[in-house]
Structure formats: C-alpha cells, structure tokens
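Okay, here's what each chain looks like letter by letter:
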Amino acid sequence: MILKGLTWLVVLQLLGSVIHLSLLPALPGPIIGMVLLFGLLLLRRGIPEPLEKTAALLLQYLPLLLIVPAAGIMTSSEALLADLPAIAAGLVLSLVVTVPFCGWLMQRLIRRMDRRTEDQA
Amino acid sequence: MSGVDWHSVWTVTLDHPLFSVALTLIAFQLALALYRRSGWLVLQPVMVGMLLVVGTLYLCGIDYASYRADASMIAVLVGPATVALAVPLYRHIRRIQQLFWPILITLVSGGVLGVALTLAIAGALGADLSVLMSLSPKAATMPIAMLVAEQLGGLASLAAVFVMLTGVIGTALGPLLLGWAGVDHPAARGLSYGINAHAIGTARALEEGDECGAFAALGMSLLGILIALFLPLVLG
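Each protein sequence line maps, in turn, to chains A and B.
Numbering of the first sequence is given in the numbering used here, commencing with residue 1 and proceeding in unit increments.
Numbering of the second sequence is given in the numbering used here, commencing with residue 122 and proceeding in unit increments.
Careful: at least some of the hints might be erroneous.
[As the list claims (entries may be wrong)] Which residues of chain B face chain A? A few of them, derived with a C-beta cut under 10 Å, are: (1) S129; (2) T132; (3) V133; (4) A154; (5) L155; (6) R157; (7) S159; (8) L162; (9) Y185; (10) A186; (11) P201; (12) V204; (13) G274; (14) A318; (15) L327; (16) G330.
[What the hints assert, rightly or not] Residues of chain A clear of chain B, computed beta-carbon distances all greater than 10 Å: (17) L12; (18) L21; (19) L93; (20) Q107.
Note that these hints are calculated values from the structure, not bench results.
Just so you know, even glycine gets a beta-carbon here, dropped at the ideal spot from N, CA and C.
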C-alpha cells in the first residue's frame, strides 16, 4: 500500500527532475513533480487510497527528513550571524505589514462577494 | 586476554554510516517529545532536532559533508514528500473554487508585498545577496523554501532557519496584528495565518476554529506553490 504510493511519488519526482534538467531549469524537480501530481489528481477527481496513506505518512515525518538539510547551518552560521540585524528587521517589519494586510484584504473581498450574491438573490 | 581498545571502538562507532542515521532519529524524537511536553511554538522539532544534531557533530568532530552523505538515506525522502504536498492542496479544491478570486487576489498581493518588503528592508540594511536569496522564499513551507533558495543561489539551511523564524514570529504577532486591523472573519484570519506563518500559523489557526484552520492550510499550500513557480522565474 505504502510502497505503491511511494512508487507514484518517486516516479513523479523523477519525471519532474528530468523535465527540470531538459526543459525547465528554473523550477526544481520535486516542485514540477508536485504540480504534475496536482494535475493528475484534478484529472482523476479524487485521491487514490495508497497515495493518501503514503502522503500522510511522509508529511507527518517531514520535520525528521528536514533535519538533515537544516543541519547544514553549521557550515553557514557565519553568514547568518553577520547579517543578523538586517535579517531580523526584514522578517519582523514585513510581517507587521503583511499579517494585517492579508487579513484585511481577504475580509473585504469576502464581504463584497457576499453582498453581491445577496443583491442577486 | 587483553582489554578492549575503547578508543578504537569509539572511532569505529563514529565512523559507521549508521551513526548519522541514528543521531538524526534520536534527535528528532527528543525534539518531538520536548515540543509536545512544553507546548511551546518556539521549540519546533526541526529547529531543536537540528541544534541537537549540530551540537553532537561539533562535540564528536564530524564535519557536515560526511554527516550529510551518511544521513542521505533519510534526506532522500524529502523529494517524494515535497511531491506529496499536492495531496493536501487537492483536498482544498472545493473551497478554492468557492472563493477563487478573493483567495487569489489576497495570496498574490500578500505574497508579493511580503517578498518585496523583506528584500527591501534586509537589502537596505546591507544583507548579503546569498542571504537575501535565502530570505525571499521564507513564507513557503520548508521543503519548498529550501529548494527555491538553492535554485536562486541562496543556502537551503539558511532558508530553513528563516522559515522557522517567520512562522514563530508571525504566529506570535498574528492575533495582536489581526485584532488591530479589525479582522474577525475566520476565513480571512486563517488565510493570513497560512500566508504569513505557514505550518506554525496553521496550528494556531486550528485552535481558533475549523474554518480558520482550513483556510490557513489552504493559504499555506497555495502560497507555497505560487512561490515555487514564480519566484525562480522572477528573481532567477
């Protein structure tokens, strides 16, 4: 079951990587694979059970998988520390603007849509 | 019978490829236990697990390149897991169809504004180009941000740290900022959590309610795709 789902994911990633290497160097292979899978699910109008189970398992353990690349920080901690004030300011200030902005915009657009459907009714 | 040469046993243990695999597995489980016991958002398992691994490697004198090579049997699954992100995205298809334009407009303008502001502020304060390229995808989920950062000439590990920081800071400031802006619609609050603080924000949004949580998960998945598809084309 899990193996069947994993086979799908690996084949799609392979396909994505081949497309990355031969046609679309701007996009990473796994991302092309993700888009291909999304397209397949749209065509199929549903998620096959093996895929659903494998995806749930892999995504549950995603933090474990990501520890390995994240530990690469030990080779780049100097870059992080050297630019720390700029990084902190960029992260915090942009969030102070975008968090309320996204919420406000979405709320306005939803209310406008609600009003329109009411008008039509 | 002479005694066992403990020094060489120790060296053999450290040199064994499974040492890195075991270290990663143990570090993750310790980090996960700590996160669940404490309930603190700041103690994200990736962050704590990464620190435990880095600390141990330093103490044992192992360099990152050999750790990475030995632990590749764990890391190889990151690719299939990234492909699998299409599954949660597909689950939201009905909601996306219902509110297509509000969601798309908010995602695109919020996403562009976030990237532009972060780059402008950090760039003005003199951050390095590779740091900027690692900062730009920070609103995406971690596997996507790491891939995109590398594609743009940044560092995957730096991107991972920035993703964590964004999630923790965004989630901590979120309730306050959304309150100030008078945002009380659960879908709007959820989408903002998802766009700005990805998985960590989604966990917080779920505490506010089901609708809020669903829109946070949707915002996170869709923004991840948008960043993955367009950032390399725009900045690359």
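Practice task
Provide an ascending list of the numbers of those earlier hints which the structure does not satisfy.
Solution key: Of the numbered hints given earlier, those the structure breaks are 1, 2, 3, 4, 5, 6, 7, 8, 13, 15, 16, 17, 19 and 20, listed in rising order.
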